[in-house]
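Sequences listed follow chains H and C, in order.
At position 101 of the first sequence (counting the first as 1) the number is 102 in the working numbering, and the numbers step up by one without a gap.
At position 306 of the second sequence (counting the first as 1) the number is 286 in the working numbering, and the numbers step up by one without a gap.
Hints may contain errors.
[Claimed, not checked] Which chain C residues face chain H? A few, computed with CB under 10 Å, are given here:
{"id": "1", "residue": "Asn131"}
{"id": "2", "residue": "Gly233"}
{"id": "3", "residue": "Val238"}
[To be verified] Computed list of chain H residues with no C-beta within reach of chain C, every gap over 10 Å:
{"id": "4", "residue": "Pro25"}
{"id": "5", "residue": "Thr29"}
{"id": "6", "residue": "Leu55"}
{"id": "7", "residue": "Glu117"}
{"id": "8", "residue": "Glu131"}
{"id": "9", "residue": "Ala133"}
{"id": "10", "residue": "Tyr143"}
{"id": "11", "residue": "Glu244"}
{"id": "12", "residue": "Ser247"}
{"id": "13", "residue": "Arg251"}
Read the hints as simulated data drawn from the structure, not as lab findings.
Computed from a predicted model, the values in this text were never measured in an experiment.
Glycine included, every Cβ here is placed at the ideal spot set by N, Cα and C.
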Amino acid sequence: MPIRFDSRPDSKPGLVAYLTVGDPDLPTTRAIALAAIDAGADVLELGVPFSDPLADGPVIQRASQRAVEKGTTLSDVLTLAADLRRERPQAGLIIFSYFNPVLRYGLERFCAAAKEAGVDGVLITDMIVEEADEYLALLRRYQLAPIFLAAPTSPDERLKRIAQVSQGFVYAISRTGITGTRTQIADDAEQLVTRLRKFTQLPIALGFGISNADHVATVAGFADAAVIGSAIVAIIENSTREEAPSSIARFIEGLRPSPALAR
Amino acid sequence: MAALEELEQAYAQAQADPSFQAELDSLLRDYVGRPTPLYFAARLTEKLGGAKIYLKREDLLHTGAHKINNCIGQGLLARRMGKKRIIAETGAGQHGVATATVCALLGLECVVYMGSEDMARQELNVYRMRLLGAEVRGVDSGSRTLKDAINEAMRDWVTNVRTTYYLLGSALGSHPYPTIVRDFQRVISRESRQQILEKEGRLPNAIIACVGGGSNAIGAFYEFIPDKEVCLIGVEAGGRGPKLGDHAARFNGGIPGVLQGTYSYVLQDEAGQIALTHSVSAGLDYASVGPEHAMLHDSGRATYTSATDQAALEATVTLSRTEGILPALESAHAVAECIRLAPTLPQHDILIVNISGRGDKDMGILCRELKLKGAAD
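Looking at chain C on its own, in the form it has when it is part of the complex:
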């Protein structure tokens, strides 16, 4: 608790400090590559024959995903607090890479916890983290994926709390993390709201984003929350099917529970044990969801649907071949929902799809699943 209170106070001070914001803005611009484009996907729109589709290109950020928005912010905060050692959990590895990147930038020690199953399916990111100077610790307990990495990161944090800053990667965990992460990600919707008004002179009909822990989605939604006519659509991992253990759709199969310091929707069995989850995308493969999303769900402000592994894979191919953009498997879930929804909407409607990351890290999985190796290979 003391560590969380210390963090909350430090964050409040940083927010009130114009020089903190100035340094953050400068790094977001010159180092990370903000603002990201809001791109009108003309060919995709034509192919689907319905609403106009805009893509918010978080995949164009340094390190290839939205994770860095949060890592830069929290990295500066950690440095401000005098912490020299940073730990993080990672699912697909994008948050781990972004953390390692920021630690290299700021000269901080970095340890990343990653489930051993995730290390195998997202190898490229493991190598990147090591090249950037981070120590990657594999976690073999439980399901060997994100929740187990979080358990281990939390264990490290409570043990080393005096010297160590826990750089949590998504809009989860105990307060103040969900707030902090949301605040560092809201730049996504601050930009896209401005950009769509410039390009179209009006607000979109809907924002679509994939939801794992919930950071890219809350970032993509946040500045639109007061705009009641804008629908907010979160897309969870539908995995292999609706049976518990085959997916990670917390709003479609989960109930309120407490996991890792947060009260939110959790996939669990009748005894309250946390369920195993599945998604082809490591970043969505998590049994709980950010509490702010739970609130948006319960209030009806946002709706949460899901896309299966199969639909996400097909969406990856479609976006690659129609627009030359290779989305991360996580983001492909949002694209899949767009592919389903756009044709049902009139042509004057506008959709913004958050492309939270690029898919280079997924080439191993894509190669296997889509049988990309030709006969000559």
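This is chain H alone, in the form it adopts within the complex:
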């Protein structure tokens, strides 16, 4: 189903929540995922844990390591996706992975399984538009939205190319660097979104370093959605299995102004 960021009245900006699947274990990820959706996440990025997450900072690195050690595989992530799809038909579901686990699984086999599971979109961290022809053809064939990362260092030509082949939304990275929370959103962020707007009508989600309601409110000023990753993963790291779903729910609820205060 199409990825939508406007399904709720108090829905600005949209919220994309990233989870490392399998950290601390699959049942807990499932409970957290459901809680996150019910608390207001429009889209979930189901992160496939990988041994060498070179675009990630220490929080997600540790989560990935724990999940890999537990033996979490791409198959597990697809199974979870199918389950979540059944439980929450309206939620957007993205598979977020480095390329090697997908390549090992078989790209076409993965696309077929993802479609079967009801996945909406795919974001491969190290898939670049310049080399994505086969990837794009397959995703299109299986009606999966290809989502790409756009960086502040990308020149306009590249942003245009990314915009042209993206579906679902475009993921704008708020600063040069890796995942991880920061105290302020960098200036690069708004400029990047402005530049992207020239080339696309798709929603633009801003991610990397977004961790609190102030950040989210700032993002609402110029982007369509905020992606929260490390902040969520860190809460999970510091919670017990039993507490994690409700901790995440509270955190997500706190990211947008409550209806009573909304303009």
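Assemble chain C onto chain H, guided by the hints.
Frame of chain H; chain C shown alone:
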């Protein structure tokens, strides 16, 4: 991507600039110590009783390994691009030392990422880097060896890309790195091809080189690639045995995969997780291999075999005692294959073995493994 494109353009411009090449050649000659000898190992040849063995002495270069060929080239490129801060990854430490050396020479800031396990097993190189003015950052994540150092260097690079030049040490990584590194290392085979023709009046039967990331091997092979009768033999780390996790033989146990921006042969498990690897030699201990080697392998132009830790250690002793040359443990893998192969070949055949580095850095490991401490110590 922008950084890679910037690098590609800068490199193309530098290649087209005669003054860049002139400065590079002058430094390679007067600072690094090129050309390196192609030495006929008479005693080793006699001992093995087969093919004539020539050793290409990259171990005689300044800093003790072939790594400096690439560091001088990329250092000049970085300076040309106006970058003031250089970062590098290092396995055994030779690339780190060469980078620190070049940064001292060119007056650039230097940060080297090294796995904490590698820092322990190659201490000497850590101290050298610090003495040369580099900051050495230990990496504690993952297997704490080369691939983890690369991850951390890449993270630094994407964060600081505007001010920082990433001096990649081997023929790996995203384009244009494998090309750039190969181009700066091909001087090895440019020289050895000329040297063997001068000494023997003909081309060798085979070139043997150890393969970690693949830079010394691609350098040792490259100018011979068009000479179809010359066999190109790469020797990977056979480690402790053939089980996944016990070695680093990518062509014998790996399958095509994507790691750290490169599509090549990768040692990995069924879920596509990158495997842990093992070798007694830190410089060969890496789960993937340069893509140009993958191409040479797939086209059949080069063959890739392996030598175990044990064979490499024995080869170190043999070369030390037969020729008075102490090879790096990495290079000892090539020597091990030579020891295996030479006796099977006729005496008129010629082998060139690339001695990619000297073994001073390995004395701690060698002392332990070969029990060099006498009773009186």
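Thr29(H): least C-beta distance to chain C exceeds 10 Å?
About 20 Å separates Thr29(H) from the closest Cβ of chain C, which puts it past 10 Å; holds.
Check the non-interface label on Arg251(H): least C-beta distance to chain C beyond 10 Å or not.
30 Å, holds
Can we keep the Gly233(C) interface hint, with Cβ of chain H closer than 10 Å?
Cβ of Gly233(C) sits 14 Å from chain H, so the hint is violated.
Hey, is Leu55(H) genuinely clear of chain C, shortest beta carbon separation above 10 Å?
Leu55(H) is in fact no farther than 10 Å from some Cβ atom of chain C, at 4 Å.
Val238(C) as chain H interface residue, shortest Cβ-Cβ below 10 Å:
5 Å, holds
Assertion that Glu244(H) lies outside the chain C interface [Cβ separation over 10 Å]:
Label holds. Min Cβ-Cβ 27 Å, cutoff 10 Å.
Report holds if the minimum CB distance from Glu131(H) to chain C is greater than 10 Å, and violated otherwise.
7 Å, violated
Regarding the assertion that Ser247(H) does not contact chain C, is the least Cβ-Cβ distance greater than 10 Å?
30 Å, holds
For the hint on Asn131(C), does the least C-beta distance to chain H fall short of 10 Å?
4 Å, holds
Distal placement of Tyr143(H) relative to chain C, Cβ over 10 Å
19 Å, holds
Beyond 10 Å from every chain C Cβ - status for Pro25(H):
Label holds. Min Cβ-Cβ 18 Å, cutoff 10 Å.
Quick one: work out the minimum CB distance from Glu117(H) to chain C and report holds if it exceeds 10 Å, violated otherwise.
19 Å, holds
Hint check: violations occur at hints 2, 6 and 8; the rest are consistent with the structure.
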